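Undergrad: Just so you know, the sequences run in chain order R and E.
Numbered per the working numbering, the first sequence spans residues 48 to 458.
Numbered per the working numbering, the second sequence spans residues 48 to 458.
All the given hints hold, so there is nothing to weed out.
Under the rule of at most 30 Å between Cα atoms (straight-line distance), these lysine-lysine pairs were calculated in the DSSO-like manner:
hint, chain 1, residue 1, chain 2, residue 2
1, E, 300, E, 258
2, E, 367, R, 71
3, R, 367, E, 133
4, R, 133, E, 367
5, R, 367, E, 367
6, R, 300, R, 258
Not close to chain E: a few residues of chain R, all C-beta gaps over 10 Å, as computed:
hint, residue
7, 85
8, 133
9, 163
10, 209
11, 219
12, 229
13, 284
14, 381
15, 404
16, 414
17, 418
18, 428
Hints in this document: simulated from the structure, not taken from any laboratory.
Quick caveat, the model's predicted, so the values are computed rather than measured.
From the three backbone atoms N, C-alpha and C, an ideal C-beta is built for every residue, glycine too.
2 protein chains.
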Amino acid sequence: MIRIAILGHGVVGSGVAEVLRQNKETITHKAGEPIEVKRILDLRTFPELPYADLFTTSFDDIVNDPEIRIVVETMGGLHPAYEFVKACLQAGKSVVTSNKELVAAYGDELLATARDNNLNFMFEASVGGGIPILRPLDQCLAANEVCEIAGILNGTTNFMLTRMFQDGMDFDTALAQAQALGYAERNPAADVEGHDACRKICILASLAFGKHVFPDQVHTEGITNLTPADVRCADALGCVIKLIGRVHLQGDKLHCLVAPMLIPRSSLLADVNDVFNGIMVRGNAIGDVVFYGRGAGKLPTASAVVADVIDEARHLESRKPLFWGAGAPDYVLDPKIEEYAWVLRFETADARSLRNRLHEALGEISEITYTGAAETGVAVRTPRLSEAALQSKLAPLADTTLVSCLRIAEL
Amino acid sequence: MIRIAILGHGVVGSGVAEVLRQNKETITHKAGEPIEVKRILDLRTFPELPYADLFTTSFDDIVNDPEIRIVVETMGGLHPAYEFVKACLQAGKSVVTSNKELVAAYGDELLATARDNNLNFMFEASVGGGIPILRPLDQCLAANEVCEIAGILNGTTNFMLTRMFQDGMDFDTALAQAQALGYAERNPAADVEGHDACRKICILASLAFGKHVFPDQVHTEGITNLTPADVRCADALGCVIKLIGRVHLQGDKLHCLVAPMLIPRSSLLADVNDVFNGIMVRGNAIGDVVFYGRGAGKLPTASAVVADVIDEARHLESRKPLFWGAGAPDYVLDPKIEEYAWVLRFETADARSLRNRLHEALGEISEITYTGAAETGVAVRTPRLSEAALQSKLAPLADTTLVSCLRIAEL
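So here's chain R without its partners, still in its complex pose (with noise of 0.2 Å):
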């Protein structure tokens, strides 16, 4: 029998008790005994649950409980679950948590206080929700040098942005059908902005490249200035619009980058609609192996989390290879010299002066004929430069007015 916390009752939290006792047989199966939860953290009670005696408000009760081995965290946010995670590693608990806030701020330090006290420190649900992609990534392709990982990492906007597609909603209706099924919050920044992306994209990138990203070294752009024309505007080119995470390598160093991008109808990643995540590993080996779920949900995301504790279960007196070093201020490269093709949108009273003067100023471009163009303006297509490049040639069209300016990625 081994003994689990779980700290905080909320959605994933109260899967995660579910999950363990819907599955109970197979997970006693895998674990190779049976998995208890004896004290569940939560500031409110839960009279109704049949283990609403397994509540404390107490943080002391779980912490100094040496029959307690594993603790799970799915409380969310940054403090207290940084102090509570770190004092149960320090207390000698493997911990497991589906907090990528959490992992995305602090993994590098919280690894290596796993490691130094002989404990393992698992996040699987942290990024892709059920999908498995931590754990495939580290072992699985094991042999591979990783060279690229992009993916569309956020069930929120990736649903949004199918509705722009597929039903013409332009983005207040698409957030608000978000928010009326209960996929985006009520405050939804940390979603349409990137946030949620982002963090995702620098966990899968410190295991990757076997260096902490920081988010905050992580040039990350929102979705929230997209339009109906814009969405028109790919459909003409064969293309969709995708919240996409991306890093790469260029020599010892890291590109990445959270951005809405234009993708073709032919990526596999241009399939994965509505709350769908799916993420493309490219190694130099395997060629490119792509996973596909949801990205979040209350089921899904405690698989994940109960699949960790099993794997820590077996592993109480081992440590897992999972890690990552820390970070460096000069690890992520300043996102503007990474090259792309642009997609650049004007609107303009006089569109036959401002094709010449595009002409003038980018060279070789192809102009895109969409639906309502007529009205909003001008389209082109620029040959790929970076973002600096595009920025000095565009220079001496400052007066006139660039309304989206969005990246194409060959995925």
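Assemble chain E onto chain R, guided by the hints.
TA: Frame of chain R; chain E shown alone:
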């Protein structure tokens, strides 16, 4: 330093040697110490290779060498692969194989031998080539009750079906192109008759549901009878045809089947084209997860083998949980009782009379209008019914010419 041997220096075996050299630094880091190939068994010699001195034609040089801790079997075929693997396990060496025929035929026995000798027997590369699928299935989905697996498991036939759909090729032309490109062997029976896919679904089913499933328990249909008319007919229904290996639970028994099936274009598996494989795993907590990538090829397959070697190198003194038990004669259900909707295609000189007789025999059917149907006959979609029920209902139509009978899978 961990010393290994490779049995068979063919496509995969030479790929293993290549990946071990090419990614030496990553591999040493992941395994904890360097992995060195000490011996390679092959009847041929390769004097031009920098490691020509490692070759031997004598299996005894490997099985009797106590320095060799891990043996990689990449010979293919059942014999002597089975005898060699068994002897290596009995001699205290962990084994990695890419040989799906071997695992599908003797997996339960070899897993038991490995367990009895406190060793590991791994075969990630046997399904899905480089796609990590067995390890995620076993570990990451540990918290799920898996209820179904369905996949495109054979790259050669998927390449041919893609050409038939996208370029209107017939079977023979598609096969000739697959052979010209090196995707199909001169004797393509194992691929086009579904045996390769059958071995893979056996391995997946054995692992997911815990008891060995043998290839001769699984009803297997190939793609040799598919014609351009079938393709046009599927297209008219908004479907593609894929060679699907599928297994799902009913009570404590399995439905397990390999057959060409129509799947809706909206299915994620419908977009798995060319030589790619895609495997969908459905769990009670996780929902649907799809794994996608190159299902074959020298380096992808070799990278999966090497990942297993690394895992075994890290676990020389302990056992991984990968295991399943012996099979049972009645474990797989009669394929004739599983219900599907069907597409039936008839050739007839008298379409009107056939339509009336079909309505009489089958009740609620919908006719499919497809290009070229006028010359070739009548096609209908039936409601869901078992093959047994279908055959009994069609008995009065024994005088008609049923040219094609395909399942529709809602995947």
